[in-house]
Amino acid sequence: MKNTILILLVSLISLTACSKENSDTNNGLSRVIFDPGNLKFISNSLNPKKETMSALYGNEKALESLSKETQKPEAGTVMKLVTWKYHENPQYIGGTITGELLSIETVQADHLGNISYEIKNDPAKSTSPDKEGRIQYFMSYLPVIRP
Amino acid sequence: MDTVKKKRNPIAIIFLAILGIFGGLQLFSKPLEGKPVTGKIEAPREVISILENSCFSCHSNQQNLSWYDKIAPVSWAVNKDIKRAREVLNFSEWGKSPAENQGKMYAILNMMQSGKMPLHEYTLLHPSAKITPKDIEIIKKYTLSLSSVNPTAQHKNEPQPSSTTPGAAPTKFPVSPNGVQYTPDFKNWKVISMSTLFDHSIRVIYGNDIAVKAVETENFHPWPDGSIVVKSVWMQQEMPDGEIRPGKFVNAQFMVKDSRQYKDTEGWGFAKFSGNDLHPTGKTASFAKESCIACHRQLAEKTGYLFDVPMKVNTQRLIQNLQKK
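For the record, the sequence lines run as chains A and B.
Read in this note's numbering, the first sequence has 1206 at position 143, and its numbers run on one by one without any break.
Read in this note's numbering, the second sequence has 167 at position 166, and its numbers run on one by one without any break.
It is possible that part of the hints are untrue.
[What the hints assert, rightly or not] In silico DSSO-like links for lysine-lysine, alpha-carbon gap of 27 Å or less:
no., chain 1, residue 1, chain 2, residue 2
1, B, 290, B, 84
2, A, 1113, B, 41
3, A, 1131, B, 188
4, A, 1131, B, 142
5, A, 1113, B, 191
6, B, 264, B, 249
7, A, 1148, B, 313
8, B, 141, A, 1112
9, A, 1148, B, 325
10, A, 1103, B, 325
11, B, 142, A, 1113
12, B, 249, A, 1103
13, A, 1135, B, 325
14, A, 1183, A, 1113
15, A, 1124, B, 41
16, A, 1194, A, 1103
17, A, 1112, B, 173
18, B, 41, A, 1103
19, A, 1148, A, 1131
20, A, 1131, B, 191
21, B, 41, B, 142
22, A, 1112, B, 214
23, B, 249, A, 1135
24, B, 117, A, 1103
25, A, 1148, B, 142
26, A, 1103, B, 188
27, A, 1148, B, 249
28, A, 1148, B, 141
29, B, 313, A, 1183
30, B, 191, A, 1103
31, A, 1124, B, 191
Derived by calculation from the structure, the hints in this document are not laboratory data.
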């Protein structure tokens, strides 16, 4: 009797051990959610040519600047544009969904109004982006309508 | 003589008893309620013939049942399935709205493609109703051809209502018939994914802290109670350079996990708040049982009945590197 219990116990442990291992290894891949810190979602976009979708986050000042449709971000603005590759939704024909994270771009205007631009890519690219163009692009976003 | 009688009787009695029970059962077998055909699907002949052959027996008011489908207790199961099937999709009550019918065709295509429909139990007894890959191709071709109709997509330069109306926030938020209440809190939640659909909409999916943690720890089988996922839907608006931005607000769709309250819909309370007045969808508390859950249950089971769970395609290292200052 004791043996049977022991065998059952051991097999149970080995079974659960196996299933755990299987779910943990997936080439180290995981489901990633972007953490915008204290910034909030402002708007998003989809580029059919590049097959990318982007989300724009910003602080209060960013929301103000974009709402007023100013040419340049006002002093104190912080904005981040997070770009993902999109795919056909594996669970629904006729839908797409974001997949690989491609880049995070940051535009900031310090308290003097000096505007900086930075991009982080994967894989890291050494191309020098058109900073002015990208800042203008950021400013082309209007906050989404959410009643 | 006596011994023969004794041997025969039990068998005869059992036989008669079974016959009697079956006969008796038939008294409780109500024939399926006949309903008129109020609207017919219009599609190419080859599409209709697939639908008639594989779907109409349950999803229409024109049943073509075999004799054994009408005998209790089989008839009970069959009638129950048909009643449920008609609630979700009825080819005899096909609507006139092209957008709605396009949505139905996509649902049909996805159900066929994933092998969920026709039901396995049904094709076991009715092998002729099985669908082939070629059938699916025909349905797919037809469904995709419907996408070209695009009456609602807007273009840039159309006037847009202002996005922020501070001070005008309603004090009482709308409530769905099943008890799910709208909350604007989602605007401060993390974005878990973004998506589009064939109807020329663009969507952003937000999750509360419980839902975000469930995704990040791969712990959504089942989703923990208290998880809330909100999908904000806009019409696509095309910029001059071809980029798509969110235009007119369509609706906010809520899924609230409460395994005790929403037993009929896999523990999820569904709600949809549409238009600028956020009017809730549904007439009765059970509206989602007849609509939402049918697709979510069959097609999104792997991700705990949600369609837009982020894909498992990124590494933690990558996001840490990119998020580093």
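Straight-line Cα separation of residue 1124 of chain A and residue 41 of chain B no greater than 27 Å? Between residue 1124 of chain A and residue 41 of chain B the Cα gap is close to 55 Å, so the pair fails against 27 Å, i.e. violated.
Is residue 313 of chain B within 27 Å of residue 1183 of chain A, Cα to Cα? Within the cut-off at roughly 21 Å; holds.
Does the structure keep residue 1135 of chain A and residue 325 of chain B at a Cα separation of 27 Å or less? 26 Å, holds
Between residue 1148 of chain A and residue 325 of chain B, is the straight-line Cα distance small enough, at 27 Å or below? 20 Å, holds
Would the pair residue 41 of chain B and residue 142 of chain B pass a check requiring their Cα atoms to be no farther apart than 27 Å? Holds, at about 20 Å.
Are residue 249 of chain B and residue 1103 of chain A close enough, with their CA atoms no more than 27 Å apart? Status holds; Cα separation ~20 Å.
If you draw a straight line from the CA of residue 1194 of chain A to the CA of residue 1103 of chain A, is it 27 Å or shorter? 23 Å, holds
Mind checking the alpha carbons of residue 1103 of chain A and residue 188 of chain B for me, to see if they're no more than 27 Å apart? 8 Å, holds
Quickly compare the C-alpha distance for residue 1112 of chain A and residue 214 of chain B to 27 Å and report which way the hint goes. Violated. Residue 1112 of chain A to residue 214 of chain B sits at ~33 Å, over the 27 Å cutoff.
Are residue 1131 of chain A and residue 142 of chain B close enough, with their CA atoms no more than 27 Å apart? Violated - the C-alpha atoms of residue 142 of chain B and residue 1131 of chain A are around 46 Å apart, more than 27 Å.
Does residue 249 of chain B lie within 27 Å of residue 1148 of chain A when you go C-alpha to C-alpha? 24 Å, holds
When you check the alpha-carbon spacing of residue 1124 of chain A and residue 191 of chain B, does it fall within 27 Å? Roughly 19 Å between the alpha carbons, so the hint for residue 1124 of chain A and residue 191 of chain B holds.
Hints 2, 4, 6, 15, 17, 18, 19, 22 and 24 from the earlier list are contradicted by this structure; the remaining hints agree with it.
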